[in-house]
Amino acid sequence: MAFFSQPAEALELKLEDLSASVEVAAVFSLSLDNPHLAFGLINPGENKILGEGHFFHEAKCRSNNGRSWYLKAQLISLRLLGKEYSLPYSCLKWKISESTGAYRQQTGSDFTAFSSEPELVYTSEGDDPKGREVILRFQYSLTLPREAPAGNYVGQIIFTMTEGT
Amino acid sequence: MKKIALIALMIFIFSLSAYAALEISTDHRSLFFGLMKLGEEKGLAQLGVYHNQITCSSTNGNTWYLKINLLQPLSFAGETIPLENFQWQLVWTNGNGTQVGNYQYKPFSLFPDLVYTSGPGEASGQGINFQFKYSLKIPEVQLSGVYNTAIRFTLTEVL
Numbered sequence: 022m023a024f025f026s027q028p029a030e031a032l033e034l035k036l037e038d039l040s041a042s043v044e045v046a047a048v049f050s051l052s053l054d055n056p057h058l059a060f061g062l063i064n065p066g067e068n069k070i071l072g073e074g075h076f077f078h079e080a081k082c083r084s085n086n087g088r089s090w091y092l093k094a095q096l097i098s099l100r101l102l103g104k105e106y107s108l109p110y111s112c113l114k115w116k117i118s119e120s121t122g123a124y125r126q127q128t129g130s131d132f133t134a135f136s137s138e139p140e141l142v143y144t145s146e147g148d149d150p151k152g153r154e155v156i157l158r159f160q161y162s163l164t165l166p167r168e169a170p171a172g173n174y175v176g177q178i179i180f181t182m183t184e185g186t
Numbered sequence: 004m005k006k007i008a009l010i011a012l013m014i015f016i017f018s019l020s021a022y023a024a025l026e027i028s029t030d031h032r033s034l035f036f037g038l039m040k041l042g043e044e045k046g047l048a049q050l051g052v053y054h055n056q057i058t059c060s061s062t063n064g065n066t067w068y069l070k071i072n073l074l075q076p077l078s079f080a081g082e083t084i085p086l087e088n089f090q091w092q093l094v095w096t097n098g099n100g101t102q103v104g105n106y107q108y109k110p111f112s113l114f115p116d117l118v119y120t121s122g123p124g125e126a127s128g129q130g131i132n133f134q135f136k137y138s139l140k141i142p143e144v145q146l147s148g149v150y151n152t153a154i155r156f157t158l159t160e161v162l
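So the protein lines, in turn, are chains A and B.
My numbering numbers the first residue of the first sequence as 22 and each following residue consecutively.
My numbering numbers the first residue of the second sequence as 4 and each following residue consecutively.
This is chain A alone, in the form it adopts within the complex:
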């Protein structure tokens, strides 16, 4: 009868399992706080910087699908307000002055001139493709050629966030 004693029962254990699940929603977003580049009155040979000392505007990028993403900027117009006169795209330069993203190499670097092609301005790294909000703050530099007329110059830039280079 000893094999029915308490010690065997003391090891008794019962288990019940329940499943748990959650779907984490996908996000892929880009926003810009100020889309208008207005340099005000500028004279031939003069240089003006938008956002000097800090930044002019910021782009917020967010993706959590795990794939690398890229932010590109394309200048689509740079013209004298109220006139038909346009400047070469190379007169306008951009710079990332601050970034919250994992890739910081370009932050604080020199200005880069625009061209007629989209410029790659940021490549995601580290936790960026897992949903980290990447805030990129930009400055712009416009140098008016000596042969260009004085006036108020405005620019239009399109930012594109993409998963392909």
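Hints are computed from structural coordinates only; laboratory data are not their basis.
Take these hints with a grain of salt, some might be off.
[Said to hold, decoys possible] Stretch-level coverage of chain B by chain A, calculated; a stretch enters the list once three of its residues show a Cβ under 8 Å from a Cβ in chain A:
hint, segment
1, 24-35
2, 38-46
3, 93-102
4, 115-121
[Said to hold, decoys possible] Mimicking DSS-like on lysine-lysine, the simulated pairs with C-alpha atoms at most 30 Å apart in a straight line are:
hint, chain 1, residue 1, chain 2, residue 2
5, A, 69, A, 81
6, A, 81, B, 109
7, A, 81, B, 45
8, A, 35, A, 81
9, A, 69, A, 104
10, B, 45, B, 109
11, B, 40, A, 93
12, B, 40, A, 151
13, B, 45, A, 93
14, B, 109, A, 151
15, A, 151, B, 140
16, B, 140, A, 114
17, A, 35, B, 40
18, A, 151, A, 93
Every residue gets a Cβ at the ideal spot worked out from N, C-alpha and C, and that includes glycine.
Take the given structure of chain A and dock chain B to it, following the hints.
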């Protein structure tokens, strides 16, 4: 004849022993948090104040313990949601024993956490009910996808 009677008695006692056991059951309400955004927090208490109910009983006459744990963190494609973001809370029991956690949320652990220690007279067969609710917060940085895990309730006489 004596031998047969002894064997019959042993079988009878064995049968009694088999019934004199720990039992645990659930209402089979799994934890389905659905679609959640980054940074979102959601509580599961779809029945008003609780989400699911666990029933424990024992006829062994010994003190018993209810424990809870996760078998793994909520996981998807090698990514996990931190354990501290997934919490449980005992909201009610009809038992007179000792509940742990003072009816507050506690983060899940991978090791069984003590929920309840049976009180006097709670090992004579009556069912003791436990009602739970749950909370999950999605981190601000988390890969999209369907994350799964399993919650284990353990009824044991070993602390």
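Hint by hint, here is what the structure shows:
no., hint, in the structure
1, 24-35, "holds (count 11)"
2, 38-46, "holds (count 4)"
3, 93-102, "violated (count 0)"
4, 115-121, "violated (count 0)"
5, A:69 <-> A:81, "holds, 25 Å"
6, A:81 <-> B:109, "violated, 35 Å"
7, A:81 <-> B:45, "holds, 26 Å"
8, A:35 <-> A:81, "violated, 51 Å"
9, A:69 <-> A:104, "holds, 20 Å"
10, B:45 <-> B:109, "holds, 15 Å"
11, B:40 <-> A:93, "holds, 26 Å"
12, B:40 <-> A:151, "holds, 13 Å"
13, B:45 <-> A:93, "violated, 36 Å"
14, B:109 <-> A:151, "holds, 27 Å"
15, A:151 <-> B:140, "holds, 16 Å"
16, B:140 <-> A:114, "violated, 42 Å"
17, A:35 <-> B:40, "violated, 36 Å"
18, A:151 <-> A:93, "holds, 20 Å"
Of the numbered hints given earlier, the model fails hints 3, 4, 6, 8, 13, 16 and 17; all others are met.
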